Amino acid sequence: MLFRGSVLYNWIGLFVFLACLTPIFVLTYDVYRELDMPGTVFGADPPEEIVHYLGKWAIRLLLATLALSPLSRLFKWPHLIAWRRVFGLFAFCYAVAHFLAYVTLLVEFDMTSFIGDFVKRPYITAGLLALACMIPLALTSTRGWQRRLGPNWRRLHRLVYVGGVFGCVHLLWLSKGSYAEAVLYSLILATLLGERIVMFSLRARGRQ
Amino acid sequence: MVIGRSNRPKSSEITPEKVYISRREFIGASTAAIALSGAGASALKKDWLTNKQIVRSSLLAAESITPIEYVTSYNNFYEFGSDKDDPSNYAREMRIDPWSIEIEGEVGKPGKLGIEDILTNLDLEERIYRHRCVEAWSLVVPWIGVPVKKLLDRFEPTGHAKFVEFTTLYRPSEMRGQRSFFSGIKWPYVEGLRLDEAYHPLAIFGVGMYGKVLPNQNGAPLRLVVPWKYGFKSIKSIVKIRLTRHRPRTTWNILQPREYGFYANVNPMVDHPRWSQRTERRLPGSLRGPNRIETKMFNGYAEEVASLYGSMDLRKNY
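As they're listed, the protein sequences go chains A and B.
In terms of the numbering used here, the first sequence opens at residue 14 and continues consecutively.
In terms of the numbering used here, the second sequence opens at residue 410 and continues consecutively.
Keep in mind that the hints were calculated from the coordinates and are not lab data.
Watch out, some of these pointers could steer you wrong.
With a cut-off of at most 25 Å between alpha-carbon atoms, the simulated BS3-like pairs for lysine-lysine come out as follows [what the hints assert, rightly or not]:
| id | chain 1 | residue 1 | chain 2 | residue 2 |
| --- | --- | --- | --- | --- |
| 1 | B | 571 | B | 493 |
| 2 | B | 521 | B | 595 |
| 3 | B | 518 | B | 571 |
| 4 | B | 518 | B | 595 |
| 5 | A | 189 | B | 595 |
| 6 | A | 189 | B | 725 |
| 7 | B | 705 | A | 189 |
| 8 | A | 69 | B | 649 |
| 9 | B | 559 | B | 493 |
| 10 | B | 559 | B | 571 |
| 11 | B | 518 | B | 558 |
| 12 | B | 493 | B | 521 |
| 13 | B | 725 | B | 705 |
| 14 | A | 189 | B | 493 |
| 15 | B | 621 | B | 649 |
Treat the numbers as computed from the prediction; the structure is a model and nothing was measured.
So here's chain B without its partners, still in its complex pose (with noise of 0.2 Å):
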């Protein structure tokens, strides 16, 4: 079983017992056809995910996994509606299956394709990430997926380009959200990052988590992980791809420019116009007390992503 990639020791070296049982789930789950449980959760029609090779690198965050439930019904996903139990409430109305996923842009080979053509050699990784809304919680959340670079050298990237803009699903028969009146977002959801930042090495593709399939109110069937970053980055259920000579326009910043930056780097010492960022609350919460913790810079992962920014001001490009 490979440990945890980086060679710094953590302050634990005990594998959380949730850790490692999820493990061992993921192990027999790849071997059979996947029974998908969960609220909102949908069975694919094509089992892609089963017989993917697991790699199990994970980049331990040396703190425990949030319970599936919680990560699973405590969600921001507006195409559902702004509460946060109305994704795990109405997210099954959305069908994911067929789903394609269009590459365009400065690529060298654009095109459409289905998600399982997308997937095809393209071995799953397993990736304990911190997870940090810019709303002041977080959550710990065993993702798999494929590193953003892995999937998008396949379309061969041009000299020219220079960001890669997402795009998630515009349905509004299937997306409740997107026909309220209230939703105030202009859709689709589109976010961005630049190509470096898309390139490193932690940022992937989700497509599963906890040892199964994304449940629809995770953003199925993929998805952007940049665990560095607050978690409206990491958009949800993405259908359009686009590699681009310029910054992209993001659907926060659009909205708020004030609140939302592009770049929307975990940066406990830039506050939120409306609230401090220097502590986050860990979920689950309880009667006894939101468990409380202080936020950490580039949300723990300074290490490996502060080179990315060298000598930017962060507070400027927040």
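Here chain A stands alone, though its shape is the one from the complex (with noise of 0.2 Å):
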């Protein structure tokens, strides 16, 4: 069964799937809203204030999950790990539906000028190629797959890193006038991989 030997099976596990959920509810409750009464609830451009909800949660989502490793290891609670899954496949949810967002609100339907449009914003290239990240990492993410990719399996998922990279490089580039989102994640991912680096060096001078 999918759940019973998930870490999700218990109070906790209900809970943090709940939480994980409750973008998605608010912006069901405000689109119902808005379609109740047009202009009150996402402002002058909904489609912009949508697509970027979504999109700002699967990198919140995506730096949570990055987080749990080092604060397994800051407060050495190893049962930490076995949340990474969950976060990992919620931040990939989030991603698509953020993608599938931009495909239905943003984008234009006319074929020259989508590819036109494509190449001279580079900030799309960006997030599609951090979707495209993630999209083995969450095919893989089952426990069937862990076994039988063995050892290559930890190396596929250090794909999460590039991902995170440019999921950040397609937040500040399409930054428009106030940075200070794209820098505050950013710099929590420099934080979050910048810890790694430091620990397998410590590891590898320490195995001399």
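Got two chains here, separate frames each, mind docking them using the hints?
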């Protein structure tokens, strides 16, 4: 059964699961209100708001996923590691939702201009690369695949770092006017990646 | 009633209903004390707008006017914060009465005057303009104002004047964005135009919109409106006007010179380094989609302003 062996199969698990779903609940409620009274919820630019909201949660959950290992090392809580799959898959789901929202709400369906704009907006390419990094990770997230890939599983899942970097570049490149949010997430990512670099170089030195 | 001043037939001869209604509101408003409503608008003690002769010379954009609630709640006015709803939430903290404007530089009659005195005996006009932000969204706004030339001429610019420099209020106690550590902008906000651009009939000083005085978040009590350029050129809440011999250094151009130029003419063929300028989102968007339209050269005012630029390379002079 899908959940029986999972870390989610208890009250804490249920709480975390619902917490990760909360942005979707909020968005659904907001969309319902907007349909009821247009113009009152999302301001002048609903497509931009919605796409940005979903993207924001995708990157936040990705950063949360990346924070679990350092936190487990810091507080000596080994059971935190098991939560990586839950948060990682939620990050992936939000990234997919963000992409789908972008495609349905913001893209023009005139093919020539679609290609042209694609070329002229490198931040879109960065976003697509970030999503592309996450797809194999989502597909191989099960224990079955972990067994099948063996030691290569760890190597494949290092793509999450690449995905994080592309995600931050995507956000930095599209920031208009205020960079504050993009810089914040980039600094957090840099810290989380930096911690690993420091950790592993210390360990490597320790083994010598 | 004066119809559009251009004699070139527009694609729509029908006055959009909202234009018609706003004109009627205007006539009613101009003969009585104006009660100000709308998010962030503050009531001026001196109703200098009431006794003005409103000349309804309008440049019809042949599109529909953006409903006022969007224009007053979706703003880039970083003096109050960088979110689109920060100005409508916090601009009320700015006191706009009393307000004086300093005129200095290459002028025969420099001085610091109260805004009521600057506007004495100047007929206000209504201008319905497209407003195009560099971020690729746009609005249609019925401004009320005076041509820049009419106002500046009173101060007798000298023969040496080649440019005009404008400065926004710097008052961190009332403009929380200016207090912020993360603002990134060196205050006060400065913008500028070549003198011939400023003297063009399309360029106005805006003092009102939708038949009423400007709300704070839209740049009260006096702002610039240069409709053929990106919105960041239309500087808000002006406190100083300086006529200069040399091109002024403008805020966004200092901050990000590769992305924001001095001329900033709306040009679908010259992209922003990070995104295309070929299209824009005409607000408001809806859940169905963003209402994307093609951006026109000089924001659709090419016929009126292209001659200002002659053979200038607009890619180099972005």
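Now the hints, each set against the structure:
1. B:571 <-> B:493: violated (35 Å)
2. B:521 <-> B:595: holds (24 Å)
3. B:518 <-> B:571: holds (17 Å)
4. B:518 <-> B:595: Violated: residue 518 of chain B and residue 595 of chain B sit about 30 Å apart, past 25 Å.
5. A:189 <-> B:595: Status holds; Cα separation ~17 Å.
6. A:189 <-> B:725: holds (22 Å)
7. B:705 <-> A:189: holds (21 Å)
8. A:69 <-> B:649: violated (40 Å)
9. B:559 <-> B:493: Distance ~33 Å between residue 559 of chain B and residue 493 of chain B Cα, so the pair is violated.
10. B:559 <-> B:571: holds (17 Å)
11. B:518 <-> B:558: holds (15 Å)
12. B:493 <-> B:521: violated (32 Å)
13. B:725 <-> B:705: Measuring from Cα to Cα gives roughly 19 Å; hence the hint holds.
14. A:189 <-> B:493: holds (11 Å)
15. B:621 <-> B:649: holds (23 Å)
Hints 1, 4, 8, 9, 12 from the list above are not met by this structure, while the remaining hints are.
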